Amino acid sequence: MTSGRGLLRVYLGSAPGVGKTFKMLEEAHRRTARGSDVVVGLVETHGRARTAELLDGLEILPRRRISYRDSSFDELDVDAVIARRPGVVVVDELAHSNIPGSQRAKRWEDVEAILDAGIDVITTINIQHLESLNDVVEAITGVKQQETVPDDVVRRADQVELVDMTAEALRRRMAHGNIYPSDRIDAALGRYFRVGNLTALRELALLWLAGKVEDQLDAYRAEHGIGRTWETRERVVVALTGGPEGETLIRRAARIAERARGADLMAVHVARDDGLAGKASAALRAQRELVESLGGTYHQVLGENVSRALLEFARGVNATQLVLGVSSRTRLARMLSPGVGSTTTALSGPIDVHMVSHDAAARSASPMISRAAGHHRAALSRERRLAGFLLTLIGLPVLTLALTWVRGQLSLPSDIMLFLVLVVGVSLVGGLWPALSAALVGSALLNFYFTPPIHEFTIANGENVLALAAYVVVAVAVSTVVDLAARRTREAAVAGADAEILASLADAVLRGDRALTALLARLGTIYGLDSVTLLEAREDAARGTTWRRDPQAWRVVATVGGQPCLTPKDGDAEVAVAEDLVLVLRGPDLPATSRRVLEAFGAQAALALRQQRLTEAADAAEPLLRGDRMRRALLSAVSHDLRTPLSSAKAAVDSLCSREISWSPEERDGLLLTAKNSLDRLDGLVVNLLDMSRLQAGALGLIPLALAVEDVIPRALDELGPTGLPVIIQVPPDLPEVLADPALLERVLVNLIANALRFNPPGEKILVNASWLGEFVEIRIVDRGRGVPMDDRDRIFLPFQRLGDRDNTTGVGLGLALARGLTEAMGGQVIAEDTPGGGLTMIVTLPTAPPPPAGPTPHEQAQIP
Numbered sequence: 016m017t018s019g020r021g022l023l024r025v026y027l028g029s030a031p032g033v034g035k036t037f038k039m040l041e042e043a044h045r046r047t048a049r050g051s052d053v054v055v056g057l058v059e060t061h062g063r064a065r066t067a068e069l070l071d072g073l074e075i076l077p078r079r080r081i082s083y084r085d086s087s088f089d090e091l092d093v094d095a096v097i098a099r100r101p102g103v104v105v106v107d108e109l110a111h112s113n114i115p116g117s118q119r120a121k122r123w124e125d126v127e128a129i130l131d132a133g134i135d136v137i138t139t140i141n142i143q144h145l146e147s148l149n150d151v152v153e154a155i156t157g158v159k160q161q162e163t164v165p166d167d168v169v170r171r172a173d174q175v176e177l178v179d180m181t182a183e184a185l186r187r188r189m190a191h192g193n194i195y196p197s198d199r200i201d202a203a204l205g206r207y208f209r210v211g212n213l214t215a216l217r218e219l220a221l222l223w224l225a226g227k228v229e230d231q232l233d234a235y236r237a238e239h240g241i242g243r244t245w246e247t248r249e250r251v252v253v254a255l256t257g258g259p260e261g262e263t264l265i266r267r268a269a270r271i272a273e274r275a276r277g278a279d280l281m282a283v284h285v286a287r288d289d290g291l292a293g294k295a296s297a298a299l300r301a302q303r304e305l306v307e308s309l310g311g312t313y314h315q316v317l318g319e320n321v322s323r324a325l326l327e328f329a330r331g332v333n334a335t336q337l338v339l340g341v342s343s344r345t346r347l348a349r350m351l352s353p354g355v356g357s358t359t360t361a362l363s364g365p366i367d368v369h370m371v372s373h374d375a376a377a378r379s380a381s382p383m384i385s386r387a388a389g390h391h392r393a394a395l396s397r398e399r400r401l402a403g404f405l406l407t408l409i410g411l412p413v414l415t416l417a418l419t420w421v422r423g424q425l426s427l428p429s430d431i432m433l434f435l436v437l438v439v440g441v442s443l444v445g446g447l448w449p450a451l452s453a454a455l456v457g458s459a460l461l462n463f464y465f466t467p468p469i470h471e472f473t474i475a476n477g478e479n480v481l482a483l484a485a486y487v488v489v490a491v492a493v494s495t496v497v498d499l500a501a502r503r504t505r506e507a508a509v510a511g512a513d514a515e516i517l518a519s520l521a522d523a524v525l526r527g528d529r530a531l532t533a534l535l536a537r538l539g540t541i542y543g544l545d546s547v548t549l550l551e552a553r554e555d556a557a558r559g560t561t562w563r564r565d566p567q568a569w570r571v572v573a574t575v576g577g578q579p580c581l582t583p584k585d586g587d588a589e590v591a592v593a594e595d596l597v598l599v600l601r602g603p604d605l606p607a608t609s610r611r612v613l614e615a616f617g618a619q620a621a622l623a624l625r626q627q628r629l630t631e632a633a634d635a636a637e638p639l640l641r642g643d644r645m646r647r648a649l650l651s652a653v654s655h656d657l658r659t660p661l662s663s664a665k666a667a668v669d670s671l672c673s674r675e676i677s678w679s680p681e682e683r684d685g686l687l688l689t690a691k692n693s694l695d696r697l698d699g700l701v702v703n704l705l706d707m708s709r710l711q712a713g714a715l716g717l718i719p720l721a722l723a724v725e726d727v728i729p730r731a732l733d734e735l736g737p738t739g740l741p742v743i744i745q746v747p748p749d750l751p752e753v754l755a756d757p758a759l760l761e762r763v764l765v766n767l768i769a770n771a772l773r774f775n776p777p778g779e780k781i782l783v784n785a786s787w788l789g790e791f792v793e794i795r796i797v798d799r800g801r802g803v804p805m806d807d808r809d810r811i812f813l814p815f816q817r818l819g820d821r822d823n824t825t826g827v828g829l830g831l832a833l834a835r836g837l838t839e840a841m842g843g844q845v846i847a848e849d850t851p852g853g854g855l856t857m858i859v860t861l862p863t864a865p866p867p868p869a870g871p872t873p874h875e876q877a878q879i880p
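Numbering (the numbering used here), first residue to last: 16 to 880.
Simulated from the structure, these hints should not be mistaken for laboratory data.
Just so we're clear, the structure is a prediction, and the values are computed from it rather than from any experiment.
Check the hints yourself; a few may be wrong.
[Claimed, not checked] The calculated lysine-lysine pairs, modelled on BS3-like cross-linking and capped at a C-alpha distance of 30 Å, are: (1) Lys-780 with Lys-691; (2) Lys-38 with Lys-121; (3) Lys-665 with Lys-691.
[Claimed, not checked] Label pairs and their in silico Cβ distance ranges: (4) Asp-131 with Asp-89: 20 to 28 Å; (5) Leu-740 with Glu-682: 24 to 32 Å; (6) Leu-401 with Leu-22: 50 to 58 Å; (7) Leu-22 with Pro-748: 40 to 48 Å; (8) Leu-622 with Leu-401: 41 to 49 Å; (9) Asn-692 with Arg-187: 54 to 62 Å; (10) Gly-133 with Ala-636: 49 to 57 Å; (11) Glu-779 with Leu-717: 33 to 41 Å; (12) Ala-95 with Ala-48: 21 to 29 Å.
All residues carry an ideal CB built from backbone N, CA and C; glycine is no exception.
Let's have the full structure, built from the sequences with the hints guiding it.
Put into structure tokens, the structure is as follows:
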């Protein structure tokens, strides 16, 4: 008996047929041999003998039988699994959709219920069924996956093992009949199992799994408090200052990252809060664009010490290499300060530091290192003050000792001037208080050692009193001025850093597609926050005394970082953006001077939110605009196409109603036939227009049923006219049924076959055939006409398009647009391809209907489109 939530092990396949089920059953046998209680909840062998052999010796639980539309189907019996309470249950095909009438819609939901019951689960899934990769797989294979699993379900798995195989080896398995029966091998090899498709899917699987492993590693490092770099993956960080050397550094770092395949490229700029203002944001914007064009990411952090900020960022992202520019500072400057490059290299630890030479180094000092030197001249940091006191403690005794050796050679004014020089030096290094201390102690030393009477704290000469007083006054004045200048420099530096951050902020808002999220992420990165949340007060919230602590009174608009704050009181700091908007921060304490920047961030966040909502409103209005354009196009298109058959029918009826002319039976039949054909054509136009209108409005009613394609095609031909149409039908006898609306599918085929007949040369026949691949059936309508140029392939499916129509009176150009819209409403798609030898082939792809219970199902055979 297990307690708590069960453990989930997932075998992730890079493509169908790589052996996920085989690996899963081998694991089941290994656990059984170790004494674990293992049962098989559901496994599909797909008729593969070696897979079926692995079921021998394992306990197989009965499946649950469900009746649906006069048929019976087998599904996983979750209740039976929970009642049996094994230690481990084997459940195949996590992405499977359950038959309507089941307790849950998806098999992954069944697995969640089993895990919640405290039972371990082993399961399988292919990479193409992950929700986040749905559009990527569609772009690669050309087919949209109908069954997906949320990524979070697989990411939460305790173990994920990749089952991989090279594209060539997998194609050999297919060619040998180890995956599909022989009648489906050629179609599969030529479509889904192409080398390019399989290679791309394999890379997707490797990258996705690498992301999960990285998340696990980050969680482990955070849990165990590991801050040092682990070289599990190459990450190259390049330090930017906005100087002219930036492009050289970026390109060098990109080449380093390229040599280490899969390495991440990150650019970071340190905005100083205690040095001179940074470089112009225009240069940084240009360098940011260059980094992003090379596939890297740009970051900006705030730090008092450049070297420390760089290394903290590099360790935070687990970087392995750091790229800096060399400096052309003088030897004297290097003696006064080691500089950012030397300091960073000395403190880098396992991170490799690359000092890159550049043309700008020969002309001027590195801006980053210059700012570091400026820090030692002007900033009033704790280190600077300690240095000033240390200079006082050492300098005054040394100067006093030196002057006693040369006593008699220098006058008292000269001694005072030398002491004053030392005080000025102390003030330059340590600011006001070390300088005041030096001035006072220096006056005492001058009095005791150099003012008669010597070695006494008395002054015999009044002029000497005036000289010492002047010395103290000048020393205090100089120290005060130097300290004031240093403070003003520091304030200007803080303002410059704030301006640089705000400029970068505005640039991010203007550039980003997801401006609000990018804005909050940038704020969190700059100040090292754990989470940043934008809260909006609900309009219906009762604003009592405790409403700011009520989660029901607030709505999370956007959040980045860790757990979002649900109320303003949940964070460590809050910034009121507007009357109903609050920016809530969670993380380290921020200095009071940052309040102005935070308020600016809040204002920009409100602006970004407003812009986002305006964009959403514009997107909502876009369908109305398209509908208006369609209505205008409709009015211009139907003026002739509706009037022509109506006029013909009216003229024929008026002629029949005339009493002045006596019509023969043959003439009367001809007029009736003319009226009938015109009204039929008019009826077809009206029906198409109504259907297109319902499609645009999203009000098309669907009744999906299991249909046999061989029954639908003849009905479509009957609607097109009398027998004898030049159409050849080829439908294999074992073709599975499709899930579609009977009337809509018939309309689709009527429109596509009619279009093919219109453009097919006289004497040539239309071919209508069907084939089956995985969970989809393809119906092909092949003509031998002139075809359609590649550039016009998408245009032919737009409403009111009649490209190259020889008879411009046959319709309003809705046939192909309606065919595509109806097919997509049924979960399929319509595409156009060239016919080998000339012509156009229309391909209608529809999902297969739920299979009968007997034998392996089309969908479950390899789970591919």
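Hints and how they fare:
no., hint, in the structure
1, Lys-780 with Lys-691, "27 Å, holds"
2, Lys-38 with Lys-121, "23 Å, holds"
3, Lys-665 with Lys-691, "11 Å, holds"
4, Asp-131 with Asp-89: 20 to 28 Å, "23 Å, holds"
5, Leu-740 with Glu-682: 24 to 32 Å, "28 Å, holds"
6, Leu-401 with Leu-22: 50 to 58 Å, "56 Å, holds"
7, Leu-22 with Pro-748: 40 to 48 Å, "46 Å, holds"
8, Leu-622 with Leu-401: 41 to 49 Å, "45 Å, holds"
9, Asn-692 with Arg-187: 54 to 62 Å, "58 Å, holds"
10, Gly-133 with Ala-636: 49 to 57 Å, "51 Å, holds"
11, Glu-779 with Leu-717: 33 to 41 Å, "35 Å, holds"
12, Ala-95 with Ala-48: 21 to 29 Å, "25 Å, holds"
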